[in-house]
Amino acid sequence: MIISMTGYGKAVTQLSDKKITVEIRTLNSKNLDLNLRMSNAYRETELDLRKNAAKILKRGKVDFSLHVEDSGAASIPALNIEVIDTYLKQLEQIELVKATSTNHKIDLLKVISQFPDIFKPQDDDLSDEVKETIFSTAQEAIEAVMEFRKSEGNQLEFDFNSRISTLTNLLNEVITIDEERLKDVRVRLEKAVKEVKEEVDFNRFEQELIYYLEKYDITEEKVRLKNHLNYFVETMKQPVSQGKKLGFISQEIGREINTIGSKANHAPMQKLVVQMKDELEKIKEQLLNVL
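Following the UniProt record's numbering, the numbering of the sequence shown begins with 1 at its first residue and continues without gaps.
One or more of the hints may lead you astray.
[Claimed, not checked] Once the Cα atoms are required to be at most 27 Å apart in a straight line, the calculated DSSO-like pairs of lysine-lysine come out as:
#1 K10 - K51
#2 K30 - K271
#3 K30 - K183
#4 K150 - K58
What the hints contain is simulated information worked out from the structure, not anything from laboratory work.
Hey, can you work out the whole structure from these sequences and the hints?
The following block contains the structure:
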């Protein structure tokens with residue numbers, strides 16, 4: 001299974017007095033980089049939210065936003081009647097106020113409205129209902145992200161299979177022309193020896209030729225490259241996304257392709273090697289986004 005690190009999820013829950021919204025965006029990153037934004041009033045939920053997000057999302061740059069909007073009567077601050085009444089009685093004792101105001105109570109209330117503590121303090125403790133709703137809404141958003149990631153992963157898997165198939169076909173072409181390549185190398189060497197106007201020890205020449213051909217032999221590289229390509233496909237089929245492992249396998253594929261290129265000494269084969277490198281680079285670019 002291939003799962004992308006790119007994802008998006010949003011969940012909204014409406015309570016009687018609050019609207020809770022969780023929005024999550026994820027991008028690729030080597031490790032988990034979780035940025036959680038929320039009001040200070042809900043910070044007590046942060047640790048549990050982080051733990052759950054890290055457990056499920058695992059890797060990637062994650063922007064996690066929690067927004068709680070108050071609604072209904074509960075959002076209207078309650079007047080502190082006792083405090084207002086105390087302010088009013090104190091101000092009414094001032095003689096200057098009595099003398100200059102015909103409707104002094106209304107005027108005094110205008111003044112008192114600017115004083116501190118005329119509203120009752122809000123209850124800072126989150127109710128169990130609100131906390132449970134925050135966690136369930138966050139879970140819903142995380143699940144939406146994972147569904148998005150899986151959908152993106154399916155597209156990546158299709159692309160990887162296509163490119164691995166192309167690499168396999170190119171390898172088969174390399175295998176096909178390899179025998180011809182060694183014959184060409186042998187013919188060129190024999191021709192070069194014949195052009196030398198000196199007597200040659202052909203037994204010694206044959207020994208040197210065998211050594212030279214062995215030096216340019218790519219049989220092991222062909223076998224290892226085929227095995228690596230098969231292993232890449234097998235790893236993609238595992239039930240857990242293996243982005244880092246696939247990255248290591250792609251490095252091994254690259255080593256074998258480079259070795260074939262360095263040993264080729266044959267223009268048609270080197271052309272195939274260039275095409276293989278191009279396909280592999282595209283795979284490596286996409287692997288950066290695999291979980």
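CA of K30 to CA of K183, is that 27 Å or under? Measuring from Cα to Cα gives roughly 47 Å; hence the hint is violated.
Do the alpha carbons of K10 and K51 lie within 27 Å of each other, as the hint requires? holds, 19 Å
Pair hint outcome, K30 versus K271 [Cα-Cα no greater than 27 Å]: Cα-Cα ~34 Å, so violated.
Please verify whether K150 and K58 have alpha carbons no more than 27 Å apart. holds, 14 Å
Violated hints, listed in ascending order, are 2 and 3; each of the other numbered hints is respected by the structure.
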